[in-house]
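Since the structure of chain Y is provided, determine the placement of chain X on it from the hints.
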Amino acid sequence: METGDTPEPDLIRLAQQGDATAFEALYQLHNRRVYSLCLRMVGNTAEAEDLTQEAFLQLFRKIATFRGESAFSTWLHRLAVNVVLMKLRKKSGKETSLEQVTDPDEESGTPRRDFGTLDIRLSGSLDRVNLQRAVEQLPPGYKAVFVLHDVQGFEHNEIAEIMGCSIGNSKSQLHKARMRLRDLLHETIREKAREERRAAGSPSSED
Amino acid sequence: MSTMDCSQFAQQLDDWLSGERSPAARVHARECRECRSLAEDFLAISKTAREWAIEEPDPSPRLWTALRAQLQEEGLIRDASRQPSPVRARVQPQIEAAKPAGWRSGWFPGLLRPALAGAYVAALIAVSILFVGPSGKQIDDYQWLERTQVSVRPLTAELDSAERAVLSNVASADPELSNSLHQNMAVVDRDISECEQSVREHPENELARDFLYQAYEQKADLLAEISDRGMDNQ
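Just so you know, the protein sequences line up as chains Y and X, in that order.
Per my numbering, the first sequence starts with residue 1, numbered consecutively.
Per my numbering, the second sequence starts with residue 1, numbered consecutively.
So here's chain Y without its partners, still in its complex pose (with noise of 0.2 Å):
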């Protein structure tokens, strides 16, 4: 066997043996990507840190029952997101579910008509600042339907079983992510409308 090629099966069953280099091996191929994820949902390094810890220690202390049905990387980003949406729950004070909509609009997944929407176009002003900030406000299961496909690159099938939905459901929490986020990047834009108005000295219409 190549030395500096080592398959990730073989890795996992040295790790199910307690063999510290291959949890070392299998910690290095997939700590970015893990870390990643967490950083994008939780918008904080230390915490990013301590969830992909978190993360990591479960996925060792289960590694024994891991036989393979779905892929490691699935297996582990579903430890993963489970970590850091209790976190975030946590933090919410609340339980919440991946299904809970709270915005009939976006239950009906048809866009709004929202006076002034027409007039403002994302292309050209939105910057991935102004996206970041606008995801850390979505509800957790949005967040992370969101994060994993047009972040990350999941497909939906993977977001499916990382969540443990079904496929229709993924693609309709991530249109409803997309809803919310337009919706959150639009208000940004007519804010900084309005600050601009308020700086020129000229009074507001919408004020």
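Simulated from the structure, these hints should not be mistaken for laboratory data.
Errors might be hidden in some of the hints.
Here are the computed lysine-lysine pairs in the DSS-like style, where the Cα-Cα straight-line distance is at most 27 Å [stated by the list, open to error]:
no., chain 1, residue 1, chain 2, residue 2
1, X, 47, Y, 91
2, Y, 90, Y, 62
3, Y, 62, Y, 91
4, Y, 192, Y, 171
5, X, 47, Y, 62
6, Y, 90, Y, 171
Frame of chain Y, contents of chain X only:
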């Protein structure tokens, strides 16, 4: 006249975003200002999300140290430093390749490295013997501290001597390198001193001791690298 209504268009938005656009969806987007605006906004969001994905930061290298300590404490893994694993040599290159840039590249290759590596390994062996000791023996905080200090003494002596040698060689040969060495050495020494303080406060804490050894290793690496660069410049 559009053959698709807004809710049907919304259901096909995912396909629209990935470039699969049916003729009916195209007609609807042309005729419906709201849906066209929605599709454009979703495209902008997806595009910016992909830009965000390019940044994949590394977690702190200390995360693995903390994780390993926890796994050892729970008895989930064998301690590689005390019981060398037969697979270590087999998978080590893979681990090193996966480690982020800036992580230690190896144990002290180069001119000074044999001596420093010898002292480092001696310290680790001393730690193994002193800490593992006769089985079942209780060790109090004072003993932990004393044993840690005894175990690192040869290493710190070797580091001091290497530092003096490198500083004197570099100062005369390359003032710019000397300046960089002083700045980096100050950072490393501050790290060592913080780790030493942690060990003094919590001598029984394995993680604190681990950090201290890492800090020494960092200093040895720095000295070796500066020495290598000095040799290259000659």
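Taking the hints in turn, this is what the structure says about them:
no., hint, verdict
1, X/47 <-> Y/91, "violated, 30 Å"
2, Y/90 <-> Y/62, "holds, 23 Å"
3, Y/62 <-> Y/91, "holds, 26 Å"
4, Y/192 <-> Y/171, "violated, 31 Å"
5, X/47 <-> Y/62, "violated, 37 Å"
6, Y/90 <-> Y/171, "holds, 26 Å"
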